[in-house]
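J.: The task is simple: from the sequences and hints, build the whole structure.
Protein chains: 2
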Amino acid sequence: MTVHSKTNHCKIVDCTVRDGGLVNNWDFSVEFVQDLYESLNASGVEYMEVGYKNSPKLLKSEGTEGPWRFLDDEFLRKVIQKKNTKLSALVDVGRVDEADVLLRSDSMLDLIRVACYARDTAKAIELGTLFHERGYETTINIMALSGVMDNELNESLAMINDSPIDVVYIVDSFGSLDPDDIRFLVEKFRRSLKNKRLGVHTHNNLQLAFANTLTAAQLGVELLDASVYGMGRAAGNTPTELLLAKLTRPEYSLRPVLGMIEKHMIKLREKEEWGYLIPDMITGTLDEHPRSAMGWRASAKRDLFTEFYDKMTTPEVFHGN
Amino acid sequence: MTVHSKTNHCKIVDCTVRDGGLVNNWDFSVEFVQDLYESLNASGVEYMEVGYKNSPKLLKSEGTEGPWRFLDDEFLRKVIQKKNTKLSALVDVGRVDEADVLLRSDSMLDLIRVACYARDTAKAIELGTLFHERGYETTINIMALSGVMDNELNESLAMINDSPIDVVYIVDSFGSLDPDDIRFLVEKFRRSLKNKRLGVHTHNNLQLAFANTLTAAQLGVELLDASVYGMGRAAGNTPTELLLAKLTRPEYSLRPVLGMIEKHMIKLREKEEWGYLIPDMITGTLDEHPRSAMGWRASAKRDLFTEFYDKMTTPEVFHGN
Chain A
1 MTVHSKTNHC KIVDCTVRDG GLVNNWDFSV EFVQDLYESL NASGVEYMEV
51 GYKNSPKLLK SEGTEGPWRF LDDEFLRKVI QKKNTKLSAL VDVGRVDEAD
101 VLLRSDSMLD LIRVACYARD TAKAIELGTL FHERGYETTI NIMALSGVMD
151 NELNESLAMI NDSPIDVVYI VDSFGSLDPD DIRFLVEKFR RSLKNKRLGV
201 HTHNNLQLAF ANTLTAAQLG VELLDASVYG MGRAAGNTPT ELLLAKLTRP
251 EYSLRPVLGM IEKHMIKLRE KEEWGYLIPD MITGTLDEHP RSAMGWRASA
301 KRDLFTEFYD KMTTPEVFHG N
Chain B
1 MTVHSKTNHC KIVDCTVRDG GLVNNWDFSV EFVQDLYESL NASGVEYMEV
51 GYKNSPKLLK SEGTEGPWRF LDDEFLRKVI QKKNTKLSAL VDVGRVDEAD
101 VLLRSDSMLD LIRVACYARD TAKAIELGTL FHERGYETTI NIMALSGVMD
151 NELNESLAMI NDSPIDVVYI VDSFGSLDPD DIRFLVEKFR RSLKNKRLGV
201 HTHNNLQLAF ANTLTAAQLG VELLDASVYG MGRAAGNTPT ELLLAKLTRP
251 EYSLRPVLGM IEKHMIKLRE KEEWGYLIPD MITGTLDEHP RSAMGWRASA
301 KRDLFTEFYD KMTTPEVFHG N
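Protein chains in written order, with UniProt numbering: chain A, 1 to 321; chain B, 1 to 321.
Calculated directly from the structure, the hints in this document are not laboratory data. Since we're looking at a predicted model, the values are computed, not measured. Glycine residues also receive a C-beta, built at the ideal position from the N, C-alpha and C atoms. Treat the hints loosely; a few may be bogus.
[What the hints assert, rightly or not] Rough simulated footprint, nothing fancy, chain A against chain B, three-plus residues with beta-carbon under 8 Å:
(1) 24–31
(2) 204–210
(3) 234–248
(4) 277–285
(5) 302–314
T.: Structure (structure tokens):
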């Protein structure tokens, strides 16, 4: 019930379409995305990440994915009537065609975020710098932080500190971090990134996504990733509705996003699977990528948890390392 | 991923049958309770709360509830083969017949916990003292702390401090507290209860049950309530499996409880409802008892969240105060 007066610097980045698209192959109707935009705007959410801006030429397209996988400005313009909520897109290093990215003044997008592993930091900076020069707000989201050695991470952060990138993200890709880990990382990032603002992206494998995000918020982290009803890959993300309920900015309103859940998310959750599931809890505990859990859930053995646990904890059988 | 070396003082109290019984009217089969006991014992869980020890004479019995609602020692003896895991029962002030409670040396039970509102502290102490004199470990669980004024709570704690009760619980009945609130309460309880050990019981309305329990554990709180797969009233409790996964005591093992989830909990969750549900999130946010949310979920309007939100935030219509 704490009045979170220390979180008035925060902004919410709703990732429902982008991260949720990893669940349903971006099969969101135009009506869904329009309703989501309107509800986020009415709730006071600052950013909506409307998809990936990767190139179908550089990322093997299956031809079946929804349009939010390879965002096109002309299409976006037809779909969304821009109001206060800004639009964001994510790109992966090596999968974006620079020619696809217009000047911000000609684009519907405001923010472009570059996701990378620590080893690709130089490429991410190059890409982010290009977007910066084209007028966008920019972030670099270093994924899978829990598996990066400290010397490598220090080097990455030092490089980013000298770049024009606006915001650097702490990303808990495997949903394995707890509030103490977040505290450690925020302090570390602060020390190494004197000139940068910070962001956080969490996963809910251990039911700690929201607590981790709150911890980061109270330590001054500015951009908070979330998704409506927690929709996101595997265990999903921090629910947008919980941030709206808990952060006490007068601009925020919970009700419009409740309307979005009522109209779309309950039905969608019956068709698609995300949230607290035991195989995802197991990979989170083991600090592993959720792909093995997702594969298990897609198999006939989906509810055989002890067998999955045994495989995951018997390295020579399952991991091959 | 933190190694929780600071939590080696902790003990888990599994409340699946007792708090989960509020979901399914204690309709657990003998096989379910036996499997639960065996799995908790094999996982190293220290206590299993096997039900309520209220008297059917003093609490209006519907005649339909399972045997775990009104525990009988003779019945328990037939059902459970005691091993390491101790047995606990909860009683409500004013609903227990003292004559029903044997000497501990003649009983299957080890721990008796007295739940009360702050205003009933004197009665709770009287009852707890009686159990203490009959040889049991005892706790007092002060419910609905978020709605108690500070002067009243101070008086309650001072009285308990002078009693022979072993452990005092911080109970987040409405699932409205966050880690900062828990920190505040643990520090307050510590100051007022110099001679007592502490316990914590959380609810998951805001997806903070586990984070709140971890926070308490790290601050030295000893007894941690949980339930398998989070089964408990409305939004449910801290999942036992998450505590087993996260607390790094060598005695704990996750696998047996995963087996319990696999064998019983998935099917049970398909039949009965608990966990993160929007009406319970709304009552948690508003610091209200979940009964209105549970009533809404039992009605035809169960998925109309904005209507529920409007009613709950229009006091004269719904609350009558």
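J.: Closer than 8 Å, Cβ to Cβ, for at least three residues: run that test on the segment 204–210 of chain B against chain A and report holds or violated.
T.: This one holds; 6 residues, not fewer than the three required, reach chain A with a Cβ under 8 Å.
J.: Do three or more residues of the segment 234–248 of chain B come closer than 8 Å to chain A, measuring C-beta to C-beta?
T.: With 5 residues close enough to chain A, the hint holds.
J.: Three residues or more, CB to CB closer than 8 Å: is that satisfied between the segment 24–31 of chain B and chain A?
T.: This one is violated; 0 residues, fewer than the three required, reach chain A with a Cβ under 8 Å.
J.: Verify the coverage statement for the segment 277–285 of chain B against chain A, using a C-beta to C-beta distance below 8 Å and requiring 3 or more qualifying residues.
T.: holds (count 4)
J.: Counting residues of the segment 302–314 of chain B that have a beta-carbon nearer than 8 Å to any beta-carbon of chain A, does the count reach 3?
T.: Our answer is that it holds, as 6 residues pass the Cβ test (under 8 Å) against chain A, meeting three.
Violation of the numbered hints given earlier is confined to hint 1; every other hint is satisfied by the structure.
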